[in-house]
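There are 2 protein chains.
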Amino acid sequence: MSESYEEGVRQLPLFAEMGQAHFEALMRGAYVQNFPPRIDLITEGEAPDFLHVVVSGSVDLFSSWNGRETSLATVYPVSTFILAATIKDAPYLMSARTLEKSRIVLVPSEDVRAVFDKDNAFARAIVTELSQCYRVVVKNTKNLKLRTSLERLANYLLRQSQRTGLGEFDLTMEKRRLASFLGMTPENLSRAFKGLEPHGVTVTGSHILISDPESLTRFAKPSALIDDHST
Amino acid sequence: MSESYEEGVRQLPLFAEMGQAHFEALMRGAYVQNFPPRIDLITEGEAPDFLHVVVSGSVDLFSSWNGRETSLATVYPVSTFILAATIKDAPYLMSARTLEKSRIVLVPSEDVRAVFDKDNAFARAIVTELSQCYRVVVKNTKNLKLRTSLERLANYLLRQSQRTGLGEFDLTMEKRRLASFLGMTPENLSRAFKGLEPHGVTVTGSHILISDPESLTRFAKPSALIDDHST
DNA sequence: CAACCCGATTGATAAATGTCAAGTTTCCGT
DNA sequence: ACGGAAACTTGACATTTATCAATCGGGTTG
Chain A
1 MSESYEEGVR
11 QLPLFAEMGQ
21 AHFEALMRGA
31 YVQNFPPRID
41 LITEGEAPDF
51 LHVVVSGSVD
61 LFSSWNGRET
71 SLATVYPVST
81 FILAATIKDA
91 PYLMSARTLE
101 KSRIVLVPSE
111 DVRAVFDKDN
121 AFARAIVTEL
131 SQCYRVVVKN
141 TKNLKLRTSL
151 ERLANYLLRQ
161 SQRTGLGEFD
171 LTMEKRRLAS
181 FLGMTPENLS
191 RAFKGLEPHG
201 VTVTGSHILI
211 SDPESLTRFA
221 KPSALIDDHS
231 T
Chain B
1 MSESYEEGVR
11 QLPLFAEMGQ
21 AHFEALMRGA
31 YVQNFPPRID
41 LITEGEAPDF
51 LHVVVSGSVD
61 LFSSWNGRET
71 SLATVYPVST
81 FILAATIKDA
91 PYLMSARTLE
101 KSRIVLVPSE
111 DVRAVFDKDN
121 AFARAIVTEL
131 SQCYRVVVKN
141 TKNLKLRTSL
151 ERLANYLLRQ
161 SQRTGLGEFD
171 LTMEKRRLAS
181 FLGMTPENLS
191 RAFKGLEPHG
201 VTVTGSHILI
211 SDPESLTRFA
221 KPSALIDDHS
231 T
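As they're listed, the protein sequences go chains A and B. Heads up: the first sequence at position 152 corresponds to 152 in the numbering used here, and the numbers run straight through without jumps. Heads up: the second sequence at position 25 corresponds to 25 in the numbering used here, and the numbers run straight through without jumps.
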């Protein structure tokens, strides 16, 4: 099996500290696969056969109920998803599909659980990762329950702006998916962008210019306890 | 220190399988405290000095932003809260206050992290607990994003009804807190109860009678991937 | 017992958000 | 370059939800 991707996986915090033998055991059972865009990788409700690692491309995590669908997160390289289901051996809560051509490493869930029992460093890393994921989801819930859609958009733009370190940037996803991620309709998102114009936001296609960061910040009132996804 | 509460704590899945010596080490640094109703236990943003275990009473987890406040969860005996913050040694994301007279065990976070490094059974239990918490929050997010408030209420009532195994039961919390928990205003909750009358729901004070479970179920469309908090 | 307080309810109204139905633009593949 | 599909936008309208104000009612307390 090609070693090329293993390096990237090994450097993930989740795998970085574990014993070499255990890592190799995991990789022995794993395999890489290339997927075209818009391919369903998993469907919510299914049993978690594999832990997934995105090596390149990107993956949308979403969920459906009663004919409605919502985007819950986007996974970029290099990181894993559906760790909790794998560990608990419980059904996936989210579906996943590739957004673009993507390279995914599939690690059998059984192997993950087996190595988890043997390798303390791996167990610790899993705890750290799960805590992180948990906290991100809690922040997300607060974002949804405490803010209007306009406020959510404003804070999203500020976060993106900080990520790039610039006052202007391109949206990393389609507007329709952004809308779904922020919990609104595409139409509402269009109007929300308009609604932020008075706060110095100019939208040209997928390009965003924040000409008055102070005003936008005053409106968005970002909080580390909601918007800082690093802690 | 009184042993009376230790038994209950020891039987928690989180502590049940760990070594006796490690458990005793945890309990040595811990202490119990009795709190009156409506007392703030922790405030979001603070450093996680203690892992909290509710031994009796109940605790409301909530969060505030920009003058708004929302209830995120209620903790009943015997269980822990703010495990993720303790493990990550990161600021609390939620505030906590007692709802009634409550008995809380406070375990120093440092001790938890120290024992976590030494006791594999404990580490495993933490992973299981965190996965569980993570999945509950994800289900909550889906509930919020995919359903209207009427649908959330209907599913909440069905869940309560199943919990008691009866077609009637009493609400376990004030309606104002239920409203906040479900992501709506108290006024809206009143109207939502009215809106469920056609589906066989009768409200008398805090007593709920579900006279037509089939109709309510047809409307609520419960899903294990949202409403079953046990997996 | 009465006064009061607080939560719950109700009605009227406003704001936020979603839906539907055009258009318009952008993007892709032939 | 062209044609077509899909995304985006816009306007009109419906629905959902929040807000404000008033009232009701149960429970507590002096």
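Careful, some of the hints might be misleading.
No distinction is drawn between identical chains; accordingly, a pair holds when it is met within one copy or between any pair of copies.
Stated by the list, open to error - Calculated pairs, DSS-like style, for lysine-lysine (alpha carbon to alpha carbon, straight line, at most 27 Å):
no.	residue 1	residue 2
1	Lys88	Lys221
2	Lys175	Lys139
3	Lys139	Lys194
4	Lys139	Lys88
5	Lys175	Lys118
6	Lys88	Lys118
7	Lys194	Lys175
8	Lys194	Lys101
9	Lys221	Lys175
10	Lys221	Lys101
11	Lys221	Lys118
12	Lys194	Lys118
13	Lys175	Lys88
14	Lys101	Lys118
15	Lys101	Lys88
16	Lys88	Lys194
Think of the hints as simulated: they come from the structure by calculation, not from any bench.
Now for the hints, and whether the structure bears them out:
1. Lys88 to Lys221: Between copies only: 25 Å across, 37 Å inside.
2. Lys175 to Lys139: Classified as both: same-chain Cα gap 22 Å, cross-chain 25 Å, threshold 27 Å.
3. Lys139 to Lys194: within (26 Å within a copy, 32 Å between copies)
4. Lys139 to Lys88: both (23 Å within a copy, 15 Å between copies)
5. Lys175 to Lys118: neither (44 Å within a copy, 48 Å between copies)
6. Lys88 to Lys118: both (16 Å within a copy, 22 Å between copies)
7. Lys194 to Lys175: Answer is within; shortest intra-copy Cα gap is 14 Å, inter-copy 37 Å.
8. Lys194 to Lys101: neither (33 Å within a copy, 50 Å between copies)
9. Lys221 to Lys175: within (23 Å within a copy, 30 Å between copies)
10. Lys221 to Lys101: This pair counts as neither: shortest intra-copy Cα distance 37 Å, inter-copy 35 Å.
11. Lys221 to Lys118: Close neither inside one copy (46 Å) nor across copies (42 Å); limit 27 Å.
12. Lys194 to Lys118: Close neither inside one copy (55 Å) nor across copies (55 Å); limit 27 Å.
13. Lys175 to Lys88: Classified as neither; 34 Å inside a copy, 34 Å across copies.
14. Lys101 to Lys118: Neither, since 35 Å and 43 Å both go past 27 Å.
15. Lys101 to Lys88: neither (29 Å within a copy, 34 Å between copies)
16. Lys88 to Lys194: neither (44 Å within a copy, 39 Å between copies)
The structure does not agree with the numbered hints 5, 8, 10, 11, 12, 13, 14, 15 and 16 stated previously, though it agrees with the rest.
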